[in-house]
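**Q** Okay, here's what each chain looks like letter by letter:
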Amino acid sequence: MATIELHQVEKKFGDFPAVKPMDLTIQDGEFLVLLGPSGCGKTTTLRMISGLETVTGGTISLNGRNVTWLHPSERDVAFVFQFFALYPHMTVRQNIVFPLQAERMAPADIDKRVAEVVKMLRIEHLMSQRPGTLSGGDQQRAALARALVRRPAAFLMDEPLGALDAELREAMRAEIKQLHIDQHATTVYVTHDQIEAMAMGDRIVVMSNAVVQQVGTPAEVYYNPANLFVARFIGSPGMNLVQGQFADQTVRFSGEQNYEVPAEWKPAIKKATGSNSVTVGFRPEAAHLSESGALVGEVYAVDIHGSYSMLHVKLAGSNGDFEIVHVRTDRRTNYPIGAQVRFDLNPEMVRFFDTSSEAAIQRENA
Amino acid sequence: MASFEETGPRIPVVVSTRVDKIHPISRLSRTIRAIAVVVVALILLLPVVAMGITAFKSRNAVVSVPPSLIPVPNGDVLRVEANELKRDTGEISIARNFFAPTLEGFVFLLTERAQAGPARAAELRTQAQEGQLSIFDQIALDNGQEILGPSDYVARLRNSLIIAGISTIVSVVLGLFAAYAFSRFRIPGESDLLFFILSTRMLPPVVVTIPLFLMYRQLNLHDTHFGMILLYTVFNLSLSVWLLKGFIDEIPKEYEEAALVDGYSRLQAFVKVVLPQAVGGIAATTVFCLIFAWNEYAFALMLTSDTARTAPPSIATMLGRGGIEWSAIAAGSLGFLIPVVIVTFALRKYLLRGVTFGAIRK
Chain A
326 MATIELHQVE
336 KKFGDFPAVK
346 PMDLTIQDGE
356 FLVLLGPSGC
366 GKTTTLRMIS
376 GLETVTGGTI
386 SLNGRNVTWL
396 HPSERDVAFV
406 FQFFALYPHM
416 TVRQNIVFPL
426 QAERMAPADI
436 DKRVAEVVKM
446 LRIEHLMSQR
456 PGTLSGGDQQ
466 RAALARALVR
476 RPAAFLMDEP
486 LGALDAELRE
496 AMRAEIKQLH
506 IDQHATTVYV
516 THDQIEAMAM
526 GDRIVVMSNA
536 VVQQVGTPAE
546 VYYNPANLFV
556 ARFIGSPGMN
566 LVQGQFADQT
576 VRFSGEQNYE
586 VPAEWKPAIK
596 KATGSNSVTV
606 GFRPEAAHLS
616 ESGALVGEVY
626 AVDIHGSYSM
636 LHVKLAGSNG
646 DFEIVHVRTD
656 RRTNYPIGAQ
666 VRFDLNPEMV
676 RFFDTSSEAA
686 IQRENA
Chain B
1363 MASFEETGPR
1373 IPVVVSTRVD
1383 KIHPISRLSR
1393 TIRAIAVVVV
1403 ALILLLPVVA
1413 MGITAFKSRN
1423 AVVSVPPSLI
1433 PVPNGDVLRV
1443 EANELKRDTG
1453 EISIARNFFA
1463 PTLEGFVFLL
1473 TERAQAGPAR
1483 AAELRTQAQE
1493 GQLSIFDQIA
1503 LDNGQEILGP
1513 SDYVARLRNS
1523 LIIAGISTIV
1533 SVVLGLFAAY
1543 AFSRFRIPGE
1553 SDLLFFILST
1563 RMLPPVVVTI
1573 PLFLMYRQLN
1583 LHDTHFGMIL
1593 LYTVFNLSLS
1603 VWLLKGFIDE
1613 IPKEYEEAAL
1623 VDGYSRLQAF
1633 VKVVLPQAVG
1643 GIAATTVFCL
1653 IFAWNEYAFA
1663 LMLTSDTART
1673 APPSIATMLG
1683 RGGIEWSAIA
1693 AGSLGFLIPV
1703 VIVTFALRKY
1713 LLRGVTFGAI
1723 RK
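So the sequences go chain by chain: A and B.
So the numbering used here is basically just the index in the first sequence, starting at one, shifted up by 325.
So the numbering used here is basically just the index in the second sequence, starting at one, shifted up by 1362.
Since the hints were made in silico from the structure, they are not lab data.
Every residue gets a Cβ at the ideal spot worked out from N, C-alpha and C, and that includes glycine.
Heads up, a few of these hints could be off.
The calculated lysine to aspartate or glutamate pairs, modelled on EDC-like cross-linking and capped at a C-alpha distance of 16 Å, are [said to hold, decoys possible]:
no.: 1; chain 1: A; residue 1: K337; chain 2: A; residue 2: E378
no.: 2; chain 1: A; residue 1: K502; chain 2: A; residue 2: D527
no.: 3; chain 1: B; residue 1: K1615; chain 2: A; residue 2: E378
no.: 4; chain 1: B; residue 1: K1634; chain 2: A; residue 2: E428
Chain B is faced by these chain A residues, among others (derived, beta-carbon under 8 Å) [stated by the list, open to error]:
no.: 5; residue: S375
no.: 6; residue: L377
no.: 7; residue: S398
no.: 8; residue: V402
no.: 9; residue: A403
no.: 10; residue: F406
no.: 11; residue: F408
no.: 12; residue: A410
no.: 13; residue: Y412
no.: 14; residue: P413
no.: 15; residue: E428
no.: 16; residue: A431
no.: 17; residue: P432
no.: 18; residue: A433
So, partial list: chain A residues that the calculated Cβ filter (under 7 Å) puts toward chain B [what the hints assert, rightly or not]:
no.: 19; residue: P397
no.: 20; residue: F404
no.: 21; residue: Q419
no.: 22; residue: F423
no.: 23; residue: P424
no.: 24; residue: A427
Take these sequences, add in the hints, and give me the full structure.
**A** This is the structure:
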């Protein structure tokens, strides 16, 4: 098991920066998720850790050992690929044995190891088949077995569930998480699916445009996004973000509505926004409808989710312009489209962002 | 387990084994296509069949009109009689198309012979009566000839095998490494290099034979096995690099990356993971290279004379020597055909996918 440290790690393809210098420490036994939209540099980061991609700057160390320039085979990491990369000309058993043969392990030990992982992943009955004949889930299990059998210092997984259908993905998600709890192996997991990241990660690294946006636990990333990108990207739908002008006590939205800023936020906002332009952010569950609510909107659409409903509420802006915010509500009440609704924001769950720098405003005494 | 009726097939049915499920029009079009293929195959096979028959004919049967097509023991005598009958009475008999199969062509092909003088011929005939003559000697004697020794045909064929075989292996192996590098690594000026490699194929061989001839004479490569192997390798390399690059491009690079992470070196990953998956491409490329090197005529004619002379120019020059021994030429061509047929047949299951150049995705 291992700690992985990235220090100022950087990757450029020609002049194009794929990953801008980043620092990251992955703790022993941690399940770390690299999350971001496609092309944000998350896979490149993973490949640099594995050694499949060389760095253009910085150092990578594994358990204090500098592995920056080591060949992938010398790093003692296992890689699970998006399309599994099971060798099609070998049987499942040959696939699983393949990494052990590289170590020139004794056949008796190989048998023992293989029996162990095969039992753990329940793929005994598939051992003599070729990967091409297996279902997606079984291919995934075989690929995991090939990674597990080595007992590597760290597991690197590149969207391992990306090729599976939705139902199976959920089941395999639990299976991988269970394996991690069982093995307690350092795991770096790349995905673009924020639900997967929230469900699996001990910590999440949100990346965008080759830059790390935020590193934090799923709760931190969800409740205290570091900037507008994270606020928008995490959650489905993302955080509601409404821009307004801060004046003394209140934020004035473009539709002439005023929002009374909670007292504990006032000094911080005053200090942070030179231009007075501030973006108010709140999760759909932070808004609750009430007759006496301070904010007024019009129902634009309703999504019934079964256990709850999601209202799309139209906030009037200037010049007939409008903004849509999402409000989560209980499933029992019916809201006709076009009806006027009033709502309040839970002061604990409101966040403020500097509109120009896009960064979250931090409360001083929080 | 759920029954088929409930769940339907696991994959869409494109071709069914159940005859009653196939639309009649589709069945008809299949039949038509099958017939077309058979017709084309027959047309293409005709010269080969004619060659095969000719190789076993006697001198007279080769040039007989109408052509003799049916092998019958004692056929030559029957044909002559039938032709006389036609001339005398106008009666047409199938026997006019008979010929007697003989190994005359092969004897002429494989031996050097001289006209036996009357005294020598008589001596040989007595030996024949005592059963001391081999079949070959006997056949030569029937033509009034005596066998002096083996001809150079076998040596030429051996040269062809050595030169085509080695140059094919070398160009496929070198081509594999080059194609792998082009496919997997960022190479400065990659497209220029690839174009340069292709451009070595752009001039027809005839155009470059004269300069090559002069160069080879200077370098003492003229009429050497090494020179011919080198030349064919260079010529085939462009083909093999381009073909194999296509095949290797098709193999996802994740397989090797998995092997790299699993603890193997780049070369081990190449041998254990890439090669087994590129077998089809390698087989197809091998056949293409072999056929080129085996059939090559212009270079061989100019750049070899004796020690390294290959079969194609030597068979062609048989035409010039004295009377045209059609049956010997046909026999020589038949022998020349066999090695390529064997290799192509052995690798046939890879060829169909190979010649589609990766147009079919898995």
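**Q** Compare the structure with each hint and give your call.
**A** Results for each hint:
1. Restraint check for K337 (chain A) and E378 (chain A): satisfied, since their Cα atoms lie roughly 11 Å apart, inside the 16 Å limit.
2. A C-alpha spacing of about 10 Å is found between K502 (chain A) and D527 (chain A), which places the hinted pair at or below 16 Å, so the restraint holds.
3. Our distance criterion of 16 Å between C-alpha atoms is met by K1615 (chain B) and E378 (chain A), whose separation comes to about 13 Å.
4. At roughly 15 Å between alpha-carbon atoms, K1634 (chain B) and E428 (chain A) fall within 16 Å of each other, so this suggested pair holds.
5. For the restraint placing S375 (chain A) at the interface with chain B, the shortest Cβ-Cβ distance is roughly 6 Å, inside the 8 Å limit, so the hint holds.
6. Interface restraint check: L377 (chain A) against chain B, minimum CB-CB distance 5 Å, threshold 8 Å, status holds.
7. A least Cβ separation of about 4 Å between S398 (chain A) and chain B falls short of the 8 Å threshold, and the interface hint therefore holds.
8. The criterion of a C-beta within 8 Å of any C-beta in chain B is met by V402 (chain A), whose closest approach is roughly 6 Å, and the hint holds.
9. A distance limit of 8 Å between C-beta atoms decides the matter here; for A403 (chain A) the minimum to chain B is near 7 Å, and the interface restraint holds.
10. Annotation: interface hint on F406 (chain A) holds; nearest CB of chain B at approximately 5 Å, less than 8 Å.
11. Evaluation of the F408 (chain A) hint against chain B yields a held restraint, the C-beta minimum of about 6 Å falling below 8 Å.
12. Contact between A410 (chain A) and chain B, as hinted, is supported at the beta carbon level, the nearest pair being about 4 Å apart and thus within 8 Å.
13. The criterion of a C-beta within 8 Å of any C-beta in chain B is met by Y412 (chain A), whose closest approach is roughly 6 Å, and the hint holds.
14. Checking P413 (chain A) against chain B by beta carbon gives a least distance of about 7 Å; that is within 8 Å, so the hint holds.
15. Look at E428 (chain A): its Cβ gets to within about 6 Å of chain B, closer than 8 Å, so that hint holds up.
16. For A431 (chain A), the shortest C-beta to C-beta distance to chain B is roughly 16 Å, which exceeds 8 Å, and the interface hint is violated.
17. Checking P432 (chain A) against chain B by beta carbon gives a least distance of about 17 Å; that is not within 8 Å, so the hint is violated.
18. A hinted interface residue such as A433 (chain A) counts as satisfied when its beta carbon comes closer than 8 Å to some beta carbon of chain B; here the least separation is about 19 Å, so the hint is violated.
19. Satisfaction of the interface hint for P397 (chain A) is found here, the shortest Cβ-Cβ separation to chain B being roughly 4 Å, below the 7 Å cut-off.
20. Satisfaction of the interface hint for F404 (chain A) is found here, the shortest Cβ-Cβ separation to chain B being roughly 4 Å, below the 7 Å cut-off.
21. Annotation: interface hint on Q419 (chain A) violated; nearest CB of chain B at approximately 10 Å, more than 7 Å.
22. Because the closest C-beta pair between F423 (chain A) and chain B is about 6 Å apart, less than 7 Å, the hint holds.
23. For P424 (chain A), the interface hint holds, the least distance from its beta-carbon to any beta-carbon of chain B being 4 Å, beneath 7 Å.
24. The closest approach between the C-beta of A427 (chain A) and any C-beta of chain B is roughly 3 Å, which is under the 7 Å cut-off, so the hint is satisfied.
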